Amino acid sequence: MLDLVTIPCLSDNYAFLLHDEKTGKTALIDAPEPLPIEDELEKRGWTLSEIWLTHHHWDHIDGVADLVASTGARVFGAEADKHRLPPLDQSLTPGTSFDFAGHTVEVLDVPGHTIGHIAFYVPAAKAAFTGDSLMAMGCGRLFEGRPEQMWDSLQRLSKLPPDTLICSGHEYTGGNISFALTIEPQNDALRDRRDRVEAARADGLPTVPSLLSDEQETNPFLRAHLSSVKAALHMETADDAEVFTEIRAQKDDF
1 MLDLVTIPCL SDNYAFLLHD EKTGKTALID APEPLPIEDE LEKRGWTLSE
51 IWLTHHHWDH IDGVADLVAS TGARVFGAEA DKHRLPPLDQ SLTPGTSFDF
101 AGHTVEVLDV PGHTIGHIAF YVPAAKAAFT GDSLMAMGCG RLFEGRPEQM
151 WDSLQRLSKL PPDTLICSGH EYTGGNISFA LTIEPQNDAL RDRRDRVEAA
201 RADGLPTVPS LLSDEQETNP FLRAHLSSVK AALHMETADD AEVFTEIRAQ
251 KDDF
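If you use the UniProt record's numbering, the sequence shown corresponds to residues 1 to 254, in order.
Hints may contain errors.
Derived Cβ-Cβ restraints for the label pairs, each shown as a range [claimed, not checked]:
#, residue 1, residue 2, range
1, Ser213, Asp3, 20 to 30 Å
2, Gly102, Leu181, 35 to 45 Å
3, Glu42, His225, 40 to 50 Å
4, Glu21, Asp192, 31 to 41 Å
SDA-like cross-link-like pairs, simulated, lysine to any residue; straight-line CA separation at most 25 Å [claimed, not checked]:
#, residue 1, residue 2
5, Lys126, Ala69
6, Lys159, Leu4
7, Lys126, Lys159
8, Lys43, Asp109
These are calculated hints, taken from the structure and not from any lab test.
For clarity, every value in this text was computed on a predicted model and none was experimentally measured.
Each residue gets a CB set at the ideal place from its N, CA and C atoms; glycine is no exception.
Please build the complete structure, drawing on both the sequences and the hints.
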């Protein structure tokens with residue numbers, strides 16, 4: 001059995017612990033800062049075995065050095081990005097997989113936010129760790145990649161099973177919903193999700209992870225292929241990537 005724990009870090013980041021009860025192994029996905037992660041490990045009596053990095057941005061890697069020094073955890077990251085990641089013990093290539101405590105971890109290519117961005121899909125946990133690619137109600141800004149790359153990345157992630165937990169890197173859900181309502185104000189699933197998110201945040205609860213099925217029903221960045229979304233943007237004859245590009249541009253200015 002795999003246990004999944006969401007850890008708030010910095011002002012709006014999330015890190016995740018994945019723990020295998022049988023072997024006692026624990027993986028950390030992204031390391032924004034060490035202290036909240038060390039506190040969670042101590043509280044649960046877990047020992048950190050591995051650190052998996054989705055991309056090179058400082059708010060996903062700054063805790064690595066301290067955590068490696070205190071735990072000896074091995075660090076995994078993209079081969080293509082190893083020149084700008086902390087020192088890696090295992091370099092990963094998209095399209096391959098590796099073993100964690102007897103469970104398969106698939107390495108997915110999800111460029112767009114950055115060129116070397118990867119995601120981790122763990123079927124046994126029904127979880128995908130997507131960093132700043134697919135996010136709750138959104139997707140990451142295109143700091144390095146092209147819109148077409150991000151659209152392809154999101155399509156790759158959208159083909160995972162609908163009950164997959166999308167473990168993304170930030171608490172941006174409320175603002176993302178406000179934007180989504182400018183695209184699909186009559187989407188009942190979206191309005192229901194807004195109410196659930198507002199209630200969760202009022203209670204101080206994270207809105208991450210989210211179900212892929214919820215993202216498919218409400219996240220405008222996954223819905224650029226729909227005729228209703230194209231009509232709302234007066235882009236009925238545009239191809240899907242063009243519609244995604246327009247949605248991303250509107251969000252950048254929102």
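To see whether the hints hold, each was checked on the structure:
no.	hint	in the structure
1	Ser213 x Asp3: 20 to 30 Å	holds (22 Å)
2	Gly102 x Leu181: 35 to 45 Å	holds (44 Å)
3	Glu42 x His225: 40 to 50 Å	holds (46 Å)
4	Glu21 x Asp192: 31 to 41 Å	holds (34 Å)
5	Lys126 x Ala69	violated (31 Å)
6	Lys159 x Leu4	holds (22 Å)
7	Lys126 x Lys159	holds (13 Å)
8	Lys43 x Asp109	violated (34 Å)
Consistency note: the structure conflicts with the earlier hints numbered 5 and 8.
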